[in-house]
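Residue numbers (numbering that gives the first Met the number 0), protein chains in the order written: chain R, 0 to 287; chain W, 0 to 317.
Note that these hints are calculated values from the structure, not bench results.
Worth double-checking, as some hints may not be accurate.
Only pairs whose alpha carbons sit at most 25 Å apart, straight line, appear in this in silico DSS-like list of lysine-lysine [as the list claims (entries may be wrong)]: (1) W/K208 - W/K218; (2) W/K53 - W/K123; (3) W/K218 - R/K248; (4) W/K93 - W/K208; (5) R/K54 - R/K177; (6) R/K248 - W/K123.
Which chain W residues face chain R? A few, computed with CB under 8 Å, are given here [stated by the list, open to error]: (7) P13; (8) M21; (9) Q26; (10) S140; (11) I141; (12) I151; (13) L152; (14) V156; (15) A217; (16) I221; (17) V225; (18) S251; (19) Q258; (20) V259; (21) V270; (22) V285.
Note that CB positions come from ideal geometry on N, CA and C, so glycine has one too.
Here is what each chain is made of, one letter per residue.
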Amino acid sequence: MSLELGRKQRLFKLKNRALRRFLSRPIALIAGIIILLFVVIAVFAPQLAPFDPAKPDFVSVRKPPSDTYVLGTDENGRDILSRVIFGARASLVAGVISVFIAVLFGVPLGLVSGYYGGFLDEVIMRFTDALLAFPFLILAVALAAALGPSLTNAMIAIGIASAPAFIRLTRGQVLGVKAEEFVQAARASGASDLRIIFLYILPNSFAPILVQATVTIAGAIIAESSLSFLGLGVQPPTPSWGGMLNVAKNFMNQAPWMAIWPGLSIFITVLAFNLFGDGLRDAFDPRD
Amino acid sequence: MLPFVFQRIFTAIPTLIIVTIMVFSIQRLLPGDPALILAGEEQDPQVIEYIREKYHLNDPMPVQYFAWLGQVLRGNLGQSIRTNQPVTQLIFQKLPVTLELALLSILIAVLVSIPVGVISAVRKNSFIDYLGTLFALSGLSIPNFWLGIMLILLVSVRWNLLPASGFVPFAEEPLENIKRMIMPAFVLGTGLAAVLMRQMRSSMLEVLKQDYIRTAQAKGLIRYVVVLRHALRNALIPVITILGLQLGGLLSGAVLTEQVFTIPGFGKLVVDAVFNRDYAVVQGVVLFTATAYILINFLVDIAYALANPRISLSGDET
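All chains should be built: construct the whole structure from the sequences, respecting the hints.
Spelled out as C-alpha cells, the structure:
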C-alpha cells in the first residue's frame, strides 16, 4: 500500500513541477497555441475553406492573389487558400498516425529489450541498428515503391522508419529506472514482471517518450510532405502541402505564389512542434 | 584497441546480415508476385518464367535468400529493367555526383555550425546565442525542398545570379560545376548545420564546465586560447560522431535536393527507378546505402577510438 502511494505521489510531483515549468516558457506556449490552431484548421477545414479544394476552375487558372482568391489559384484554377487549409489534414493525420505506429512498435520492443536483457536484447538492438542504417527517405521510397504510393503506405513507411528512436530511448529509460529502489522494492514484494513494467517502469519513462513523440511528429510531417513532394504520398487531387509544392516547382516563373504558402505552412507547423518538444524537454529535465 | 575493433566487427556483422534480410524481404514478402514486380511492365509469360528460374523464385524462401546473397557478395545487384545496365554500374556512375553534393554540403555545414555553436556556448544566453538557436531550429524545421524552391525563385528567377538547375561535371567545367552545385549544397547543408550547431553548443557548454578548463583559466591563459586550444578539441568529438550518424539523413536530403535542382545523382536514380518500377535498381540502391552507412559508422568508431585512448582501453564505449 505504502509503495503504491509512494509511486503515485512521485509521479504527481513530477508532473506538477513539469507543468509549472512548461507554463513559464512563453515560446513553448506560443508553439502550443500554433499547434492547436493547426489542429482546429485541419478538423474544421470544410467549414473554413472558402472554395472546394479539389474542384478545377479553368477560367481562373494561375491567378495571382486577389480579393476573391486571397492566396491566388493553382494550375487548375483551384483556390490555394482552400487547398492549404485542407492540406493541413494530410499533415496532421500523417504526423499523428505515423508516430502512433512508431510508438506502438518501438516502446514495447524497447521495454522488452531493456527489461529482460540478454540474447533478446542483443537481437532487438541489432535489428534496430539495421533499421537505422537505412536512410530514412530511401527506406520510405523503397516501401512506397513496393506497397504503392498512398498516404496510408507513406504513414506505414514513416512509422517503421521512426520506430528505432523509440526502441533505443525506451530501452535506455528502462535500464535507468530498473535499478531504482522503488522498482527493486516492488520486485521484492513479489510484483509480476508485467505489473512492474506497466505500473513502475512505463510511467517513469513517460516524459522522454512524450518529448520524443512531439519531435517525431515534426519529423513525420516533413517526411510526409517530402514523400508527397516526390509523388509517393498523398495522391492528387487530394490536397497536401508536399504535393502542392511538387506541382508548384514547375510554375516558378509563371506563378511563384503557388510555392510560397504550402511550404510556409509546413515550416511553421514543424517549427511549432519542434519548439513545443524543446519546451517539454526543458520542463521535464531534472538537471535544471 | 584490438578488442574494441573486434567488438565493433562482431556487432557490425549481424547488423549487416539483418540489413540484407530486410532488403530481401521488402521485395519478396510484400503482396504481389516478385517475378511480376521484377519484370516491370513486361507481361510475357516466358519472360516471367525466366525471371522465376533466374532468381530461384520457385525455391523455398531461405534457398532464395542465400542464392540472392551469393550474387550480392559477388557484386551482382541485378540489372536495370529499363536500361539493361548492371545496377552496380549505375550506382557507381551516379555516386560521384551525390558524393560531391554531400561533401560540399558537409563543408558548408561545418564552416557555419562550428563557429556559431562555439560563440553560442561561450556567450550563453546572449543575443547571438538566441539568434543561433533560432537559426538551428529553423534549419531543422524548414523542408529542404521548399528552401530549394524559394532559393531558385529568389537567386535564379528574380536576381538571375545562379543557374536554377542542371549539372556539369567538375572535370569538364569546374567553375560552372561549382556555380550549379553551390545552391543545392547550401540547401542540403542547412539541416545538417542545424544539428551540428546544436550539438556543438551543448558539448562546448559541457566542456567549459570541466576542471581542466578552470585550471587553464586560473593559470591566466587568455579566454580565446582556452576555448580554441583546450575546449574545442574535446568538444568536437561528439560533433564528429553526430556527423557520422547524420550521413543517412544527408542521403535522404540528397534525394529531395537532387529532385528540386534536377541533379543526376543517386537520389534521382532511386526516385526515377520507383516511377519506372525498376525494382532491381531500388533494391540495389537501398542495400548499397545501408551497407555504406554501417561501414562508414564502423570506420568513424575506429577512428574515434584511435583518437581517444579512453575508449579503446575500456573496450565497451556505448
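Hints the structure fails to honour | 2, 3, 4, 5, 6, 15, 16, 17
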